[in-house]
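Asker: Chain residues, written in single-letter form:
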Amino acid sequence: EAGVAQSPRYKIIEKRQSVAFWCNPISGHATLYWYQQILGQGPKLLIQFQNNGVVDDSQLPKDRFSAERLKGVDSTLKIQPAKLEDSAVYLCASSLEGGNYEQYFGPGTRLTVT
Amino acid sequence: KQEVTQIPAALSVPEGENLVLNCSFTDSAIYNLQWFRQDPGKGLTSLLLIQSSQREQTSGRLNASLDKSSGRSTLYIAASQPGDSATYLCAVSGTYKYIFGTGTRLKVLA
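Note that the protein sequences, when read in sequence, are chains A and B. Its first residue numbered 194, the first sequence is counted upward by one per residue in the working numbering. Its first residue numbered 291, the second sequence is counted upward by one per residue in the working numbering.
Among the hints, a few may not be true.
Lysine to any residue pairs mimicking SDA-like chemistry, simulated, CA-CA at most 25 Å apart [said to hold, decoys possible]:
hint	chain 1	residue 1	chain 2	residue 2
1	B	387	A	246
2	A	255	A	195
3	A	237	B	308
4	B	387	B	308
5	B	332	A	297
6	B	387	A	245
7	B	332	A	269
8	B	387	A	289
9	A	208	A	274
10	A	255	A	220
11	B	387	A	248
12	B	332	A	289
13	B	358	A	290
14	B	397	A	244
15	B	332	A	246
16	B	387	A	266
17	B	387	A	217
18	B	387	A	208
Calculated directly from the structure, the hints in this document are not laboratory data.
When you get a sec, could you build the whole thing from the sequences and use the hints?
Answerer: Here is the structure:
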């Protein structure tokens, strides 16, 4: 069974530029999560999708971050414009359904904003 | 609001020791608790998932316990090896959301 795929693995941009990350969850997983992990901290949930719909985006900085999950499969997370404090690893995870099921994580995208 | 704490933040032990990592949470209304391992520069690897109705789960040299009433979980690693060196994270789920602790950085010395 293929795992969660993410791209790119690394990205370096200047502040005020835009960037997009892509995630392909495990086949058949209805729930998709995007997390932000700052160095030395645990992952923080940015947004959670159940199929096409958003379940939770309470910690997503909506003035600069956006995410979509078209057709309930792949997802993209965009930052526009980026700030220095957005430097972090962005992790995508998926599970069969919501909080009662095991989460599987992708390798993450390390973003550096200079 | 759920808060998850992991103690200690860092741990260094000689090879072969048995060790315990701790995870505490403030709201006992959880669906499950999951332990993860994270190697430097990598994503998270799931180690064990304990449903709220369970008391413990075992996989190889790993054993995780859950005491919902006291808001605690422990991850027991038997006969530690240098390959166990990593950051260990716990996460609790409630109302469809997972909340992570800040992790314990483990270093096992050969």
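Asker: For residue 387(B) and residue 217(A), compute the direct alpha-carbon distance and say whether it is at most 25 Å.
Answerer: Given pair residue 387(B), residue 217(A) holds - Cα atoms ~20 Å apart, limit 25 Å.
Asker: Is it true that the CA of residue 208(A) sits at most 25 Å from the CA of residue 274(A)?
Answerer: Satisfied, since the Cα-Cα distance of roughly 7 Å is no more than 25 Å.
Asker: Need the status of pair residue 358(B), residue 290(A): alpha-carbon distance at most 25 Å?
Answerer: holds (22 Å)
Asker: Assess, step by step, whether the Cα of residue 387(B) is no farther than 25 Å from the Cα of residue 246(A), and give holds or violated.
Answerer: holds (15 Å)
Asker: Run the distance test for residue 387(B) versus residue 289(A): straight-line Cα separation, threshold 25 Å.
Answerer: holds (14 Å)
Asker: Check whether the Cα positions of residue 332(B) and residue 289(A) lie no farther apart than 25 Å.
Answerer: holds (22 Å)
Asker: Has the given pair, residue 387(B) with residue 248(A), been kept, meaning a C-alpha gap of at most 25 Å?
Answerer: Holds: residue 387(B) and residue 248(A) sit about 9 Å apart, inside 25 Å.
Asker: When you check the alpha-carbon spacing of residue 397(B) and residue 244(A), does it fall within 25 Å?
Answerer: violated (39 Å)
Asker: Would you mind confirming whether the straight-line C-alpha gap from residue 387(B) to residue 208(A) stays at or under 25 Å?
Answerer: violated (31 Å)
Asker: Below or equal to 25 Å on CA atoms is what counts here, so check residue 387(B) against residue 245(A).
Answerer: Distance ~17 Å between residue 387(B) and residue 245(A) Cα, so the pair holds.
Asker: Given the hint that residue 332(B) pairs with residue 246(A), does the C-alpha gap stay at or below 25 Å?
Answerer: Distance of about 28 Å is beyond 25 Å: violated.
Asker: Could you grab the alpha-carbon distance between residue 332(B) and residue 269(A) and see if it respects the 25 Å cut-off?
Answerer: holds (20 Å)
Going through the hint list in order, the structure does not satisfy hints 2, 3, 4, 10, 14, 15 and 18.
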